[in-house]
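Chains A and B are the protein sequences, given in the same order. The opening residue of the first sequence carries number 1 in our numbering; numbering runs sequentially from there. The opening residue of the second sequence carries number 313 in our numbering; numbering runs sequentially from there.
What the hints contain is simulated information worked out from the structure, not anything from laboratory work. Check each hint, because a few of them may be wrong.
[To be verified] DSSO-like mimics (lysine-lysine), calculated; alpha carbons at most 30 angstroms apart, straight line:
#, chain 1, residue 1, chain 2, residue 2
1, A, K183, B, K464
2, A, K283, B, K559
3, A, K283, B, K314
4, B, K332, A, K276
5, B, K378, B, K332
6, B, K464, A, K276
7, A, K222, B, K555
8, A, K183, B, K314
9, B, K344, A, K128
In case you want the letters, here they are:
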Amino acid sequence: MCILVLAEHHDGALAGATAHVVAAAQQIAQQSGGEIHVLVAGSDVGAIAEAAAKLDGVAKVRVADHAAYAHLLAEPTAALLNELAGDYTHLLAAASTTGKNVLPRVAALRDVAQISEIIAVESPDTFKRPIYAGNAIATVQSEDILKVITVRSTGFDAVGESGSAPVQAVDFVAENAQSTFVKEALAKSDRPELGAARVVISGGRGMGNGENFTLLDGIADKLGAAIGASRAAVDAGFVPNDMQVGQTGKIVAPELYIAVGISGAIQHLAGMKDSKVIVAINKDEEAPIFQVADYGLVADLFQALPELEGRL
Amino acid sequence: MKVLVAVKRVIDYNVKIRVKPDHSDVDLTNVKMAMNPFCEIAVEEAVRLKERGVATEVVAVTVGPKAAQEQLRTALALGADRAIHVETDERVESLGAAKALAKLVEEEQPGLVILGKQAIDTDNNQTGQMLAALTGLPQGTFASEVVVEEGKLKVTREVDGGLQTLELTLPAIVTTDLRLNEPRYAKLPDIMKAKKKPMDVKSPADLGIEVASKVKLVKVEPPAERQGGVKVGSVDELIDKLKNEAKVL
Numbered sequence: 001m002c003i004l005v006l007a008e009h010h011d012g013a014l015a016g017a018t019a020h021v022v023a024a025a026q027q028i029a030q031q032s033g034g035e036i037h038v039l040v041a042g043s044d045v046g047a048i049a050e051a052a053a054k055l056d057g058v059a060k061v062r063v064a065d066h067a068a069y070a071h072l073l074a075e076p077t078a079a080l081l082n083e084l085a086g087d088y089t090h091l092l093a094a095a096s097t098t099g100k101n102v103l104p105r106v107a108a109l110r111d112v113a114q115i116s117e118i119i120a121v122e123s124p125d126t127f128k129r130p131i132y133a134g135n136a137i138a139t140v141q142s143e144d145i146l147k148v149i150t151v152r153s154t155g156f157d158a159v160g161e162s163g164s165a166p167v168q169a170v171d172f173v174a175e176n177a178q179s180t181f182v183k184e185a186l187a188k189s190d191r192p193e194l195g196a197a198r199v200v201i202s203g204g205r206g207m208g209n210g211e212n213f214t215l216l217d218g219i220a221d222k223l224g225a226a227i228g229a230s231r232a233a234v235d236a237g238f239v240p241n242d243m244q245v246g247q248t249g250k251i252v253a254p255e256l257y258i259a260v261g262i263s264g265a266i267q268h269l270a271g272m273k274d275s276k277v278i279v280a281i282n283k284d285e286e287a288p289i290f291q292v293a294d295y296g297l298v299a300d301l302f303q304a305l306p307e308l309e310g311r312l
Numbered sequence: 313m314k315v316l317v318a319v320k321r322v323i324d325y326n327v328k329i330r331v332k333p334d335h336s337d338v339d340l341t342n343v344k345m346a347m348n349p350f351c352e353i354a355v356e357e358a359v360r361l362k363e364r365g366v367a368t369e370v371v372a373v374t375v376g377p378k379a380a381q382e383q384l385r386t387a388l389a390l391g392a393d394r395a396i397h398v399e400t401d402e403r404v405e406s407l408g409a410a411k412a413l414a415k416l417v418e419e420e421q422p423g424l425v426i427l428g429k430q431a432i433d434t435d436n437n438q439t440g441q442m443l444a445a446l447t448g449l450p451q452g453t454f455a456s457e458v459v460v461e462e463g464k465l466k467v468t469r470e471v472d473g474g475l476q477t478l479e480l481t482l483p484a485i486v487t488t489d490l491r492l493n494e495p496r497y498a499k500l501p502d503i504m505k506a507k508k509k510p511m512d513v514k515s516p517a518d519l520g521i522e523v524a525s526k527v528k529l530v531k532v533e534p535p536a537e538r539q540g541g542v543k544v545g546s547v548d549e550l551i552d553k554l555k556n557e558a559k560v561l
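With the sequences and hints as input, model every part of the structure.
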């Protein structure tokens, strides 16, 4: 058995998600003692490969460092994975927008199914995954010779960093005449990443407008929290899309999730109901969010938020 | 340019599903069904391209049981010109759907194929990408903006960190994200006219493919239930509980 993990990286650094995916790989390998390799693809990724080599349980880091893989465009990255896949029984990536974009393309090139967003490993061929916005958990078993899998980071505890795997270059350079990177507009923040934060405070339609989201800043500062939002807030233009928590946005499972002015639609719950403690602040006592909240405060957020910030 | 739009029949997004007592699957008896919300956005985008004079014809397709023809009629009512139903009662997973769609792409030779990014039942988010692989075409997934410009496609995508813009050669595959557009509602006269628009029915065998998946559904369970919570009377009480009871502060 041999497992290849596609490393997730941003801004010149290895993303935290990779350590969670390696953890999932370890669970798959544990009974049959297979090897785990990490593939770092991109442009100028030497430092990222070094970081990946430190992850516990990794036997080898393979590096495809070439302009062709900058921005991990789907067409060349899938071609690269397709080239390497013959040596592996499992292909894993984080269920990030990169993993979701690239991996299904590889699966189809190999004529195998993909199992999206696993939250648990039952055996090397059997996995659990959420369906219907997480309102049901499916256990699926694959008979494909190559298992292509995306991993929900919140389902697995990250591995440590005491390893020292060898790093080996991959020579294959995929040709790509079909897609070109034009530009990107990425949010820059000093706050922790939504997917990894210990505390998340999110605003919904009840916030009223984008400016009012600053009411969350002081609280987020005091709690070291990330700030999220419901789909309604993003659709209304209050905040950008990268803050959306929900079925088709970010999936978070922090120690503490505070939902402010969020009604609690099925699709939002899908993104946060695995949080350890959920707090809801909403002036509507019938709001569905109170059904999942451990602590519910029926109050006007414009009064409650400043009060909360003052008392912390 | 011909535009192909793939749609899926799924549960209505407001439905709260239940798992069958024998844990074999989700219970869909008497559940309200509808067009997948992301597919509605796909149909809307295709129709807008036609209204703008970029698309000459919009063809709606679906892979599924006979009942899925309801969703094709909806697509026709919203502005699609004709429909193709690949009829099967088998459980269709993404690879099977992509294989059927790839054959249709071969036959129809569209300039653009638009799909929803994910179906809200399986939450797979795979079919568009798989179709792109099988047809050897570029993919613009999670699109929040699509512009056809000088024979190329500029796609702005919603990614984890924000927005990314790519330029793709045509033909291309696009999957829609939530903010690509706001779909229209079908008007009654158009619903009536849709009944007369052409619908072609084929089987997977007609296309020379098999839709069966090598992934077996072993069981379906409800998620872990959260314990009921309490209402607190004040911010002070909230902080006290978070500090001393939940111990997260």
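Evaluation of the provided hints:
1. A hinted pair counts as satisfied when its Cα atoms are at most 30 angstroms apart, and K183/A with K464/B qualifies at roughly 16 angstroms.
2. For the suggested pair K283/A and K559/B, the alpha carbons sit about 25 angstroms apart, so the restraint of at most 30 angstroms is met.
3. For the hint pairing K283/A with K314/B, the CA-to-CA distance comes to about 50 angstroms; that exceeds 30 angstroms, so the pair is violated.
4. Annotation: proposed proximity of K332/B to K276/A holds, straight-line Cα distance about 27 angstroms (limit 30 angstroms).
5. Between K378/B and K332/B the CA atoms are separated by roughly 23 angstroms; this keeps the pair inside 30 angstroms, and the hint holds.
6. Between K464/B and K276/A the CA atoms are separated by roughly 47 angstroms; this puts the pair beyond 30 angstroms, and the hint is violated.
7. For the hint pairing K222/A with K555/B, the CA-to-CA distance comes to about 14 angstroms; that is within 30 angstroms, so the pair holds.
8. Proximity of K183/A to K314/B is assessed by CA-CA distance (about 28 angstroms); at most 30 angstroms being required, the pair is judged to hold.
9. In summary, the hint linking K344/B to K128/A is supported, as the alpha carbons are separated by about 26 angstroms, within the 30 angstroms threshold.
Violation of the numbered hints given earlier is confined to hints 3 and 6; the remaining hints are satisfied by the structure.
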